[in-house]
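Number of protein chains: 4
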Amino acid sequence: MVEKKKFSIIGGDLRNVKLAEFIAAEGNSVNIYGFDKAGFDVKIKQSSTLEEAINGSDVIIGPIPCSNDNEFINAPFHSEKILIHDVFKLMTKNQLFIAGRISEKIVHLAQVCNVYNVDMLEREEMAVLNAIPTAEGAIQIAMEEMPITLHNSNTLVLGYGRIGKTLAKMLHGIGANVFVEARKYADIAWIKSFGYKTVSLSELTQTIKDMNVIFNTIPSVVLNNDILKTLNPDCLIIDLASKPGGVDFDKAKDLGLRAIWALSLPGKVAPVTAAEFIKDTVFNIIEELGV
Amino acid sequence: MVEKKKFSIIGGDLRNVKLAEFIAAEGNSVNIYGFDKAGFDVKIKQSSTLEEAINGSDVIIGPIPCSNDNEFINAPFHSEKILIHDVFKLMTKNQLFIAGRISEKIVHLAQVCNVYNVDMLEREEMAVLNAIPTAEGAIQIAMEEMPITLHNSNTLVLGYGRIGKTLAKMLHGIGANVFVEARKYADIAWIKSFGYKTVSLSELTQTIKDMNVIFNTIPSVVLNNDILKTLNPDCLIIDLASKPGGVDFDKAKDLGLRAIWALSLPGKVAPVTAAEFIKDTVFNIIEELGV
Amino acid sequence: MVEKKKFSIIGGDLRNVKLAEFIAAEGNSVNIYGFDKAGFDVKIKQSSTLEEAINGSDVIIGPIPCSNDNEFINAPFHSEKILIHDVFKLMTKNQLFIAGRISEKIVHLAQVCNVYNVDMLEREEMAVLNAIPTAEGAIQIAMEEMPITLHNSNTLVLGYGRIGKTLAKMLHGIGANVFVEARKYADIAWIKSFGYKTVSLSELTQTIKDMNVIFNTIPSVVLNNDILKTLNPDCLIIDLASKPGGVDFDKAKDLGLRAIWALSLPGKVAPVTAAEFIKDTVFNIIEELGV
Amino acid sequence: MVEKKKFSIIGGDLRNVKLAEFIAAEGNSVNIYGFDKAGFDVKIKQSSTLEEAINGSDVIIGPIPCSNDNEFINAPFHSEKILIHDVFKLMTKNQLFIAGRISEKIVHLAQVCNVYNVDMLEREEMAVLNAIPTAEGAIQIAMEEMPITLHNSNTLVLGYGRIGKTLAKMLHGIGANVFVEARKYADIAWIKSFGYKTVSLSELTQTIKDMNVIFNTIPSVVLNNDILKTLNPDCLIIDLASKPGGVDFDKAKDLGLRAIWALSLPGKVAPVTAAEFIKDTVFNIIEELGV
Chain A
9 MVEKKKFSII GGDLRNVKLA EFIAAEGNSV NIYGFDKAGF DVKIKQSSTL
59 EEAINGSDVI IGPIPCSNDN EFINAPFHSE KILIHDVFKL MTKNQLFIAG
109 RISEKIVHLA QVCNVYNVDM LEREEMAVLN AIPTAEGAIQ IAMEEMPITL
159 HNSNTLVLGY GRIGKTLAKM LHGIGANVFV EARKYADIAW IKSFGYKTVS
209 LSELTQTIKD MNVIFNTIPS VVLNNDILKT LNPDCLIIDL ASKPGGVDFD
259 KAKDLGLRAI WALSLPGKVA PVTAAEFIKD TVFNIIEELG V
Chain B
9 MVEKKKFSII GGDLRNVKLA EFIAAEGNSV NIYGFDKAGF DVKIKQSSTL
59 EEAINGSDVI IGPIPCSNDN EFINAPFHSE KILIHDVFKL MTKNQLFIAG
109 RISEKIVHLA QVCNVYNVDM LEREEMAVLN AIPTAEGAIQ IAMEEMPITL
159 HNSNTLVLGY GRIGKTLAKM LHGIGANVFV EARKYADIAW IKSFGYKTVS
209 LSELTQTIKD MNVIFNTIPS VVLNNDILKT LNPDCLIIDL ASKPGGVDFD
259 KAKDLGLRAI WALSLPGKVA PVTAAEFIKD TVFNIIEELG V
Chain C
9 MVEKKKFSII GGDLRNVKLA EFIAAEGNSV NIYGFDKAGF DVKIKQSSTL
59 EEAINGSDVI IGPIPCSNDN EFINAPFHSE KILIHDVFKL MTKNQLFIAG
109 RISEKIVHLA QVCNVYNVDM LEREEMAVLN AIPTAEGAIQ IAMEEMPITL
159 HNSNTLVLGY GRIGKTLAKM LHGIGANVFV EARKYADIAW IKSFGYKTVS
209 LSELTQTIKD MNVIFNTIPS VVLNNDILKT LNPDCLIIDL ASKPGGVDFD
259 KAKDLGLRAI WALSLPGKVA PVTAAEFIKD TVFNIIEELG V
Chain D
9 MVEKKKFSII GGDLRNVKLA EFIAAEGNSV NIYGFDKAGF DVKIKQSSTL
59 EEAINGSDVI IGPIPCSNDN EFINAPFHSE KILIHDVFKL MTKNQLFIAG
109 RISEKIVHLA QVCNVYNVDM LEREEMAVLN AIPTAEGAIQ IAMEEMPITL
159 HNSNTLVLGY GRIGKTLAKM LHGIGANVFV EARKYADIAW IKSFGYKTVS
209 LSELTQTIKD MNVIFNTIPS VVLNNDILKT LNPDCLIIDL ASKPGGVDFD
259 KAKDLGLRAI WALSLPGKVA PVTAAEFIKD TVFNIIEELG V
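Residue numbers (the numbering used here), protein chains in the order written: chain A, 9 to 299; chain B, 9 to 299; chain C, 9 to 299; chain D, 9 to 299.
By construction, these hints were calculated from the structure, which means they are not laboratory data.
Accuracy of the hints is not assured; some may be wrong.
Given that identical chains are not distinguished, each listed pair holds provided it fits within a single copy or across any two copies.
What the hints assert, rightly or not - With a straight-line Cα cutoff of 27 Å, these simulated DSSO-like cross-link-like pairs (lysine-lysine) come out:
id, residue 1, residue 2
1, 205, 12
2, 192, 287
3, 237, 217
4, 261, 12
As the structure is a computational prediction, the values presented were derived from the model and not from experiment.
When you get a sec, could you build the whole thing from the sequences and use the hints?
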């Protein structure tokens, strides 16, 4: 059991508000700053200054992503801009800074300011847990967009990493016919073990014709013109891969195919669950570092 | 194998259009009538008169529901009104009329006109199959409305009939914690067998506090004021029961609870799948009657 | 909650010994009689006479099956024979007699003696629960007898009653390819809903060739000579149907096919679980009767 | 598609006999040697000499394990001993030698003889596939040994590697309550994602008391005296870990606990499936090496 600590939550979206509530609910002290124009009810009293928020805390938690411009904390619910440099200047060397997607530039700034920092998005367990709301979000989109049930439909998952594994399992649980494209022999063995149908890259053009929906998780353009042309015109494409994505969207449009690029689903479809996973990860980091 | 027949599809929504396509795709002859202002592409040539449509057919298929006023065929995609009486007058005694929810009044009219008719919604297999899109639709709504994932959330299904069984299975497949309220000892045994948690009516007020979402399938007001008051304010209620429904919606509103009455989901969330199930049921009826 | 009562357990096998322990563990008073030569440890003090065992009890529980000859209680662990008539003569009209498979003859005797009796095997919930150890026992036999894994093997379940449903679900859970033969349209709809492959009787000879194991649950000779001849010689047959069974065992032997008639599995493969299900059923009977 | 090749199968058990049949069934030429006293029917003509068997082949496949003494091929079905050195001397440098558990000593001998060799047990996909019959074998043993059903029983899997993952999934599929002990945060996240209950090492003594069966997959003595003492006396232990195993078997015996060390299950419980997985792996090796 991690002993009680003092936390500061600086900026971020609904996830960070919920995170503050969850951490407080476990008996920890929590300061929050950067939510003065949040439209919803915030149960924790907001600190009036950045200094008041940071002072005396053990752990300072920033947003996901940490910043959109490498200069200001990403704080969509705040009326004023919060300089990352100001946060770091107020921190002492015994305080820990945790946020998501801390760019090289920000890491450099942290070093200059002598601030110990951890990027929670680089934690394996966070990526595994985030695959859950990502997969559910993808399923929600498929249900909304398709005039058929996922049950008994032909679904293809491209890639068998964390999202691929989680998504395949949920699709199977709903009753879809699950096909998974993977290359490594070991992945193919796992796919067989879980009872999905494996599709090798060479069989792809053959199999893909009968698919009702394709979920891509590979961050490289797998669904190029040649493959898109073979698709059933009713086939829905949901791309879950980060930039550059896995679909030639222009060609898809030309061919009249519906292709949706769905990014950052956890914060969008299940912010409260996402906040819980952030909490788990933050506590793991603290336990590991012995803060 | 059912041998090739002649079908007429008269009125209805997208489901009946798809039904016509599916029946034609299996090599049968299909006339359609009642879709002259359908906004979408109809692949089958429409008959120019009701008489042309009905004449020479083996089976005449009407909409679900058959009529909204017991007088006219329910034909939302048609510019003119189609009298049920006109349909029946044009039919001979060797032709079979199939539609959904054929009211007593329409049955009476059919008898007067010597028209043999079958209500497809009274077919057990149709009800079982329709539970699939109903359950998926309910899950879609839950995903859209909840800020948490269904995975690992506490879900309660009230009633263990066709929809309850199908929904419990899918929720379990996505990774939700599934509680089912049922009364009959045999149902409780089945719930245990499937690995869900059983909740008896006497335990309901205790268990219900921890639920994140409740799906009602019982057509009687189970979620009355006393029970609604015990709910967590964030708990979502999705009522799938036909009239009178299972929720005191006024009280729910007073208590600030979100309660959604979701009816006729198959035609809304998965019209193409629903059409396929209609087709299966129509063919079963034909096979059974030896038409 | 059922209030505490006095029980007598008379005869039976390990299940009744465990049943006595379970009932006692819930705070009830329990007399047992008919286990004087049980080789294993019996935790409850045995009554020295039948009269002592029965006197003052609310409920007298006999074995499953109640008797093998309609005269004596089925008591394989007892050194002396216990006349059913003696049990009934000692009972008063306020006492309830519960056992399994109470024959017409025994029912008649009970009426003559003014003994109120309930056959627990006629309880729907008992049959549903017993399907669980039956299905597991069938799977165990298949695993022992087959040189291949059930995972990814072709398994056919004949019949979709309580055992068929439970068995199909477990086979699917292990990763087998599950085919189910059923006739009713509604059953076929359920099989589709659960994601198994349906096989109609007319397709049976075609499909059955590729099966690795067949589980029969239909109490009528489905696997007759004509069908047995089409089987793969390595195919294993496990018959779970009560008399007359579903397999022409002589023909199977002639054809060199392995066919196993596996009856009364719950008491054999999982007596402790079976005892728990008996306890649940006994308590349901008591609650229903308001004893 | 791998093009047709010439194979030699030298020694081994039933798996290698089936392997030969499977490879031949796909249109390849297969010589076999080392089965002259096999009690069962061998469908492929046996070569009369080792030289005849090896000469002209592309791939020579030995047994699993390759040898028990580093000198002779493991050939339980052969009347004479086959020297590994003789095999290697007969091979040319264009021929490939594949077997399981090729010891350092044998690797050295191969190098001396200029024989290219691959240990199939070091292939990741083989280990993943072999986890399937291992998990089924473990379940079979549990079913045979326990007087309760796996359904609804408390099962603990120690370790979440390939066997742990596969076993947890199957136990869950049968309806057991699945607890998994793992240490890495990412593994714990996966366990949560799959819906099992996680047990950390610190919680182990608390949780373990309620278990009905424990499956160990960790090759280090986790179940030591201190932990064994906390177990329910009826708890069954099945150890699947290779030497030194994970159980203090002497202490378990002293405490009256049933502990079974179940090794090499694939070849024992499902030799035909195991042969199929060997075939898949052999073809992967060939494809990868471009033989």
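Structure-based check of each hint:
In the homo-oligomer, the alpha carbons of residue 205 and residue 12 lie at most 27 Å apart only across protomers (25 Å), although the nearest pairing inside one protomer, at 48 Å, exceeds that limit. For the homomeric pair residue 192 and residue 287, the shortest alpha-carbon distance between copies (17 Å) is at most 27 Å, but the shortest distance inside one copy (34 Å) is not. In this assembly of identical chains, residue 237 and residue 217 lie within 27 Å of each other by CA distance solely inside one copy; the values are 9 Å within and 39 Å between copies. Taking the closest pair of Cα atoms, residue 261 and residue 12 never come within 27 Å of each other, the shortest separation being 54 Å inside a single copy and 39 Å across copies.
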